[in-house]
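Protein chains: 2
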Amino acid sequence: MFTQHTVRSFDKELNRLSKEIAEMGTYAAHIVERSILAIMRDDQKLAKQVISDDIFLDVAERKIDEEAILIIARRQPMAVDLREIIGAIRISVDLERVGDMGKNIAKRTAVLSDVRQTAAFYHGLEDFAALALKQLNEVLDAYACRSLERIDAVREHDDEIDSMYTSLFRDLLTYMLEDPRNITVCTHLLFCAKNIERIGDHATNIAKTVHYVITGTYPALERPKDDQTYRLEIGKSRRIL
Amino acid sequence: MFTQHTVRSFDKELNRLSKEIAEMGTYAAHIVERSILAIMRDDQKLAKQVISDDIFLDVAERKIDEEAILIIARRQPMAVDLREIIGAIRISVDLERVGDMGKNIAKRTAVLSDVRQTAAFYHGLEDFAALALKQLNEVLDAYACRSLERIDAVREHDDEIDSMYTSLFRDLLTYMLEDPRNITVCTHLLFCAKNIERIGDHATNIAKTVHYVITGTYPALERPKDDQTYRLEIGKSRRIL
Numbered sequence: 001m002f003t004q005h006t007v008r009s010f011d012k013e014l015n016r017l018s019k020e021i022a023e024m025g026t027y028a029a030h031i032v033e034r035s036i037l038a039i040m041r042d043d044q045k046l047a048k049q050v051i052s053d054d055i056f057l058d059v060a061e062r063k064i065d066e067e068a069i070l071i072i073a074r075r076q077p078m079a080v081d082l083r084e085i086i087g088a089i090r091i092s093v094d095l096e097r098v099g100d101m102g103k104n105i106a107k108r109t110a111v112l113s114d115v116r117q118t119a120a121f122y123h124g125l126e127d128f129a130a131l132a133l134k135q136l137n138e139v140l141d142a143y144a145c146r147s148l149e150r151i152d153a154v155r156e157h158d159d160e161i162d163s164m165y166t167s168l169f170r171d172l173l174t175y176m177l178e179d180p181r182n183i184t185v186c187t188h189l190l191f192c193a194k195n196i197e198r199i200g201d202h203a204t205n206i207a208k209t210v211h212y213v214i215t216g217t218y219p220a221l222e223r224p225k226d227d228q229t230y231r232l233e234i235g236k237s238r239r240i241l
Numbered sequence: 001m002f003t004q005h006t007v008r009s010f011d012k013e014l015n016r017l018s019k020e021i022a023e024m025g026t027y028a029a030h031i032v033e034r035s036i037l038a039i040m041r042d043d044q045k046l047a048k049q050v051i052s053d054d055i056f057l058d059v060a061e062r063k064i065d066e067e068a069i070l071i072i073a074r075r076q077p078m079a080v081d082l083r084e085i086i087g088a089i090r091i092s093v094d095l096e097r098v099g100d101m102g103k104n105i106a107k108r109t110a111v112l113s114d115v116r117q118t119a120a121f122y123h124g125l126e127d128f129a130a131l132a133l134k135q136l137n138e139v140l141d142a143y144a145c146r147s148l149e150r151i152d153a154v155r156e157h158d159d160e161i162d163s164m165y166t167s168l169f170r171d172l173l174t175y176m177l178e179d180p181r182n183i184t185v186c187t188h189l190l191f192c193a194k195n196i197e198r199i200g201d202h203a204t205n206i207a208k209t210v211h212y213v214i215t216g217t218y219p220a221l222e223r224p225k226d227d228q229t230y231r232l233e234i235g236k237s238r239r240i241l
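In the order they appear, the protein sequences are chains A and B. First residue of the first sequence? That's 1 in the numbering used here, and the numbers climb one at a time after it. First residue of the second sequence? That's 1 in the numbering used here, and the numbers climb one at a time after it.
What the hints contain is simulated information worked out from the structure, not anything from laboratory work. None of these values were measured; they are calculated from a predicted model. Among the clues, some could well be false.
Residues from chain A that face chain B, not an exhaustive set, calculated with beta carbons under 8 Å [as the list claims (entries may be wrong)]:
| hint | residue |
| --- | --- |
| 1 | L37 |
| 2 | I72 |
| 3 | Q76 |
| 4 | V80 |
| 5 | K134 |
| 6 | L148 |
| 7 | L173 |
| 8 | Y230 |
Ideal Cβ placement from N, Cα and C applies to all residues, glycine included.
Excised from the complex, chain A in its bound form (with noise of 0.2 Å):
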């Protein structure tokens, strides 16, 4: 009984700190997306609120990281549960990291209300953040369930924010060298676009980190990614450089 009873308790502490997981990334989530309509409808208000919300991705960070080092102290897990329990850890921290960079695109509010644009500038923005918050639900679903064959989908997905991103800033570059007043605006919404690609890659992050839990090894280290914007000076520039 007494065992039981122990394996029950413990079973209940790896539950809860799933919980909060999810919880903690729906909320991170939630931080990106209302950065996003903040930037679109040049909302300040919305803005400061996302920027001061962000403290409770840190609170809850620690939180887990304190609750998973007790069980870890207490119930000296091995094997899956032990994964389970650095999964939570490295999970939330990428998920922390989501959060910051929605308070960052928050940021950006104020300067790019100095410079407003036409919605043209903005639209490209909010369909990348919408493709890279998609990502980061499903990876979530996925570690909801434990299941390696949506974590493999998900993977799959990581050549579409690729392009999304490289196009996004082939768009805002040109727009810069079209006309030397959307300079501001667009270097800074180059910037919100790298922190959404970043998003893409913490979703990446946590789904290795569910790929381990459940099977003990990380997936294969993968190829170098296919990042153009590196090599990118679109035809334009070059015939203007």
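Put chain B on the given structure of chain A with help from the hints.
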């Protein structure tokens, strides 16, 4: 005798983990130094070498991770020993990302070669990288001697990184506004600067982890970081826009 022997080999395992972190730190700093050298000297061969060498950090991170988990499973450590091991896992994540920053910088060498500018464009980046690497090395030294005083001292330098980044950002934006032919080169240099700023962030993360390893608590959640670049439009662009 047996117990003593067991303890001794446990200590050996922990020391090896520490040593591997130190080596990983040295290698990560080396990757970044060489990436900056590649940009300064327009050295494509060196850039390619840096990009391919980054894999060693991915491998090192996984090795440390696997060893750490094996030690936890085998030794079931408590308190400070457990913190040492969790600390090693966290620090290796940050060091792997520092290497990624170096790789990202190296990747821009090719496009920067096509739009080569006078040396003045690159000096700010070189000085900024030197400052970030100084901070990283200090934090690694503080980790090596588990010194709380030195860790707190390192964290006070965060402001220097912030202000140097703001100044570099302003200079690059000014070059762009002065002459549209500078846009491509400055956009890529801005991303390099952002990568270096993130090396500073990783050094700060490591400092927090070392604080945790030594004391069992994380430092208080800090003041919101005062990154002036989020407000940067600079005088010149205000006039133009």
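Going through the hints against the structure:
1. L37: Constraint on L37(A) not satisfied, violated at 18 Å.
2. I72: At about 6 Å, which falls below the 8 Å cut-off, the nearest Cβ of chain B leaves the hint on I72(A) intact, so it holds.
3. Q76: 4 Å, holds
4. V80: 11 Å, violated
5. K134: 24 Å, violated
6. L148: The hint is violated - L148(A) has no Cβ within 8 Å of chain B, the shortest such distance being about 19 Å.
7. L173: 6 Å, holds
8. Y230: The hint holds - Y230(A) has a Cβ within 8 Å of chain B, the shortest such distance being about 4 Å.
Hint check: violations occur at hints 1, 4, 5 and 6; the rest are consistent with the structure.
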